[in-house]
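Enquirer: If you're matching them up, the sequences are chains A and B in order. Numbering of the first sequence is given in my numbering, commencing with residue 1 and proceeding in unit increments. Numbering of the second sequence is given in my numbering, commencing with residue 1 and proceeding in unit increments.
Don't take every hint at face value.
Over 12 Å on every C-beta distance to chain A, these chain B residues come out as not near it, computed from the model [claimed, not checked]:
#1 GLU25
#2 LEU34
#3 GLY41
#4 ILE98
#5 ILE288
#6 ILE368
#7 TYR404
#8 GLU450
#9 HIS480
#10 ARG495
Computed spacing ranges between beta-carbons, pair by pair [said to hold, decoys possible]:
#11 TYR404(B) - ALA337(A): 49 to 59 Å
#12 PHE444(A) - GLY431(B): 36 to 46 Å
#13 LEU492(A) - ILE454(B): 49 to 59 Å
#14 ARG165(A) - GLY18(B): 37 to 47 Å
Honestly, the hints are just simulated from the structure, not real lab data. C-beta: ideal position from N, C-alpha, C; glycine also.
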Amino acid sequence: MLAQAAPASQGGFQVPYLDYHALAPEIILTAVIVAVLLADLFLEERRKWVLSTVASFGLLAAFVPILTLALSGDDTRSMVGGAYVVDNFALVFKALFIVVGYVVLLMSTNYIEEGDYYQGEYYFLLLCSILGMVVMASARDLISIFVALETLSIPAYMLAGWRKRDLKSNEASLKYYLLGVLASAVMLYGMSLIYGYTGSTVLARIGAQMEGSITAQPLVTLSIMFIVVGFAFKVSAVPFHAWAPDTYEGAPTPVTAFLSVASKTGGFVALLQLIFVGFLGRDDVWAPMFGVLAALTMTVGNLIALRQTNIVRMLAYSSIAQAGYILVPFAVAGTSAEAARSAFTASVVYLLVYAAMNLGAFAVVIAVARKTRSGEISSYGGLFEYAPGMAVLMTVFLFSLAGIPPLAGAWAKIFVFRSVLDAGTTWAVVLGVIAAVNSVIALFYYSSIARQMWMSPVPDGDRTPLRVPAPLVAALGITVAVTVVVGVYPQLFARFGDLASLVP
Amino acid sequence: MSLTAAIFLPVLGAVVLGLIPRSQEKLLKAVALLVTLATAGVGAYLLANFDYGDSERLQFAADHRWIDVINSRYHIGIDGISLPLLILSMVITVLCVIYSWDHFPEPHNPKAFLILMLVLETGMNGTFAAQDLILFFVFFELVLLPMYFMIGVWGGPNRQYAAIKFFLYTLFGSALMILSFLALYFKGGETFDIPELISQSGAIAHGTQLLIFGGLFMGFAIKVPMFPFHTWLPDAHTEAPTVGSVILAAVLLKLGTYGFIRIAIPILPEAAISWAPWIGGLAVIGIIYGALGSLAQKDMKRLIAFSSVAHMGFVMLGIATLTDFGINAAVFGMVAHGLITGMLFFVAGSIQERFGTRELSRLGGLLIQAPRLGWVLGFCAFASLGLPGLAGFWGEFPAILAAYNPAEGLSEELFRGYMVVAAIGTVFAAGYLLWMLQRVAFGTAKEEFEHSHIHDIHGPEYLAWTPLLLAIVVFGIFPHLIFDITDGAVQLVARGVDALPVAAGR
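Chain B extracted, bound-state conformation:
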């Protein structure tokens, strides 16, 4: 019941907002904030009552009839992998409502904007809780429309192109994904239930498994996005309003990686072993390509977007190792990337708002004009490049380490090669992030902004950012806070791979 509330409270809130007239802006904002806070309150309840000793078990589960004809059920539940991501999604939404408090992007209209944000939250929370493939699919798709409108209506000058590109790419992936889901249904005992499919998937012939995994891969890899399916991401990020970018980076990208861990690998472990070298290969290409791409950018948001491609490369590398170590790192990496890159997009948005531009060549001397904002940017840059002691480190470093010793059945030589490439990628990461920091924060202001008055961080920004900044430090110092939650559930996934005859035969 509590989990159902966590999913549907936001959309109920959206309905309520729909009934409030557009002119009552204060009321609209207050209701939206209240709803997201209430949802986060449910999240706090889930956190408090989660049985951490038994994190591989599905908790707060509910299982009701839904579509009998195709034997699809309303089955939800969370384990140690879903919990951190669900909480992340709830927290980010609250902070986004706070951040946009008094700067709604043009063409303003807070009512529509907040409704979309709440619908988005239902989609995200639902995806992390769904335990039925059809239910998962519905929530997975539910995030598309609000994000499409967020980018298309409130975005930058090239917004229409970016919005439709985002939509078409993702829809293409999910069309193939739903075909794979249906194939799983027919080959896996006429059920869409994820736990049930996991328990009886071994029966599917290897060739069929490979094909089905291919369809799932397209759906999830586009969402992550992995090289070479990433091209929608820089456009979407650059054009999206600040809050859209933050949600996109912090939560939406995770839907893809989460899909791999929740669905593709546990249900089709055999195919996962065959696909893993390719996934790992694309992941490290993504790491290097994203880093080089970042170095070539002139626009701050676009730079951060490319850095996302690189960071998600680390996450995917961790997943591709198919070991408990790697997948734990991946889940941590997902949360860390959500916090850090979300923060970076917040800062980029605030800079854009103050200077009216994000062009790196026109910015400079932020530390002089708005020292606090400058320091926050510096802090996030360091967190993003994986400085030990901050959250980013625990996503990257263990993922690289895991590649040293991939799961049984995978080529050690190959993955060690990947490890070396990924390690080089971290150097690039330091390169582009520090370079960005130098150009934006150091030196003196460019002539055109020399005399303009630049506000330092103000109220809503403090409120929205402090929790994220604290979380980056806390998880950096106490990474076990997350690892302890995820480990049990991750072990279960990794055991599924280890138990295979291909793996055990070596």
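So that you can see chain A by itself, here it is in the shape it has in the complex:
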């Protein structure tokens, strides 16, 4: 049996070629994870803060090889028969995940230290999840995608339930876990069918066969649909979004920020690789699906967000709607090679920009909640009077999310519109108009928070200024700098969209 499975021509097992330079970020991260876990065993309770320092320096260390890889000029490093690839795309997203992870660490440090939480395990799980994402950026094989997905998801399920004496947090974790597992199962079934028909798990080889005779097989169509639906759960696209608001509200706020940015981006990174490398030839299956998903996700997300009174829930629905905008380019990518390139750029730019502005908004929420101890939108009344800086920052993030120039979010939307018009079909333009109308609806609820902050009185009359700890200030500084600088000079991110393109 075994002898049969091994390729006869190669004569037995071959040690796969490993490029240690290319794997350096993953290796460093793994080492840091082990270090955090061990250090946690030996540290006294009052010195646990060291862990967050170790974790954040570890993340910065993992960033170094990404820079050296980017500067080495060697474009593509492919390993394990094309299953694990380090190219520009991988580097851009590895960098994004590590920076996002770093910002989330900055946001969590005080939150975790001041609450009644296990610190060591928190950083351990967070880093594990980040490792899964970093692996995901290189995974060009069904199995490695699945492994990466589980590595990033399973720690996230636990993180969502971190406030373990809080019922809402328990509910958050359980809902997230059950639906996540369901999604994995559906996806895995689809993957197994694909393997059955193509005889390969490597995306590039699957992609080559999608042009051929197997395309006529109805089960291939079905399995692509399964995979898309599985990821629709992961990126919380309507109608597979039901878990998101409850999970986001129940989870500790830094974890919510992490889920809504990093975990979602992880799902999109997998989708980008699957669709643009694996299934590009079958746009007849996925293009209409993405079209419907995008239109529903934008519209439903925005309409429900309008009615929210809790800011985290509102940001949850807003992030559902934002996922809708990111799905729009997928829906139009199939019309031509040019449209595919333009769609790819749009999705990549949107993901990069979305990370900065959404994390920033959550950082403000954490900072304000330190004083008000409330997540209600009404508790933001008069913020401009006692914390003008915070009000201005929140305004920048919200209007960036709404897509008002000259903030980064505007460019994300403009690139989406560009991809839609590049495709040029009637349906594409209809989708573009739906997106345009949605961005107006979205403005209404984003501006309702701005209205509270600037135009309403302080609800309890307490005007003592806000004290923001240094790590949080750093997180805010990073996110606002990206939001504004990219807003004024979008070329900075736009070039990544082209540079990282996986479209042939």
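Given the coordinates of chain A, work out where chain B should sit on it, guided by the hints.
Expert: Just chain B now, with coordinates in the frame of chain A:
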């Protein structure tokens, strides 16, 4: 370089203001004034060095790489159409800083107010100088946020509703506008450069042109605002603080009409001919509707706001004729409306401040209690109704006249019909303005204000108003001061329409 300075000096000033502590009010005001004066100084330099013999050429141009991926460039430059509007924007901002010197509206906070005003100026100046659609879009949108906060924070009792209405309306228009810009990019040779698009737009199929023009129309018409998209305007004006109303009326509305002249018509002349009868129709409806609306108002600011709808109707009628005569009148009308209606809002603000109300039925006898203020109001009312010899006349009268003989390809009968309606509109204008003047300035003070002491015009008001009042007279007597600047550039736009086969075929 000088033009770049004209655009970005204010926003640099805003950054500086951000660094000054809130308690240093004097310093904040002084820096803001200095920055706006310096910007206006750059404006004076531009005026002095502008080549008036060659006003259709883009001058002080700069063209640098910006967003390579979508081939959008930092391309700025001004011609005879932009110059007067750019100067108007600079002057109005200086005067607004002076006017608000010692009456900042509640909740006070001069720091935030002045920062917003400076950001606003960057947006306005940039829009008038941008020669790249994406750059234009960015500046066009940049004015939204400061104005939203100005209305929402410093406005009247119903300010939150007015602010969000203003924001949502405009954003809806600009969302469709950006779609049209992108469509132009793909159909017009993958460029956002306005001059380049103008030179190669003929290649776009007629049906597509009509659609793209439709998107642009929504973006600009909401900003103008044209009937039936005007409903945000009365609310925004009524609730905005005085300075907000002045900037809104004097400059922001012009961004819409300017968009038609700079972008929609020159790039899509064929579609412009097809759309012109509808635009003209909406324009004259706006003239009559605005006038009737004015007659029905009880609030002075709301009345002036509705009169804006009517006046912008004249501007749009001039544009809809697609002739050099009409468009010249439109640009003149834009400047004149900026000066006159800006002034009217200043006066309304000062009256509100003195009496605590703008309700026409409670006011009266201003000429007795504060004769100078009364006379200024009278002067502005006459200027606004288009009295010959004052600036308002040269915006309205040539626009009406131009409708007599619209561009080739447009129905003469239809536009002559519009002309008659517009002419009737001027009578209404005289009606509501004089009626307002009578109720506010004539007669005796109402009982409640009989014994209250009403200040006449004071220092900052003199300083802020004199330049505007002088300009209204000077441009009224020497209209060629503006027509000479605009004509060359306008000719270029009109020639683009005339050169079309549809037009030439008649």
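Enquirer: All hints, please: hold or fail.
Expert: To see whether the hints hold, each was checked on the structure:
no. : hint                              : in the structure
1   : GLU25                             : 15 Å, holds
2   : LEU34                             : 23 Å, holds
3   : GLY41                             : 25 Å, holds
4   : ILE98                             : 25 Å, holds
5   : ILE288                            : 30 Å, holds
6   : ILE368                            : 38 Å, holds
7   : TYR404                            : 39 Å, holds
8   : GLU450                            : 36 Å, holds
9   : HIS480                            : 38 Å, holds
10  : ARG495                            : 30 Å, holds
11  : TYR404(B) - ALA337(A): 49 to 59 Å : 54 Å, holds
12  : PHE444(A) - GLY431(B): 36 to 46 Å : 39 Å, holds
13  : LEU492(A) - ILE454(B): 49 to 59 Å : 57 Å, holds
14  : ARG165(A) - GLY18(B): 37 to 47 Å  : 43 Å, holds
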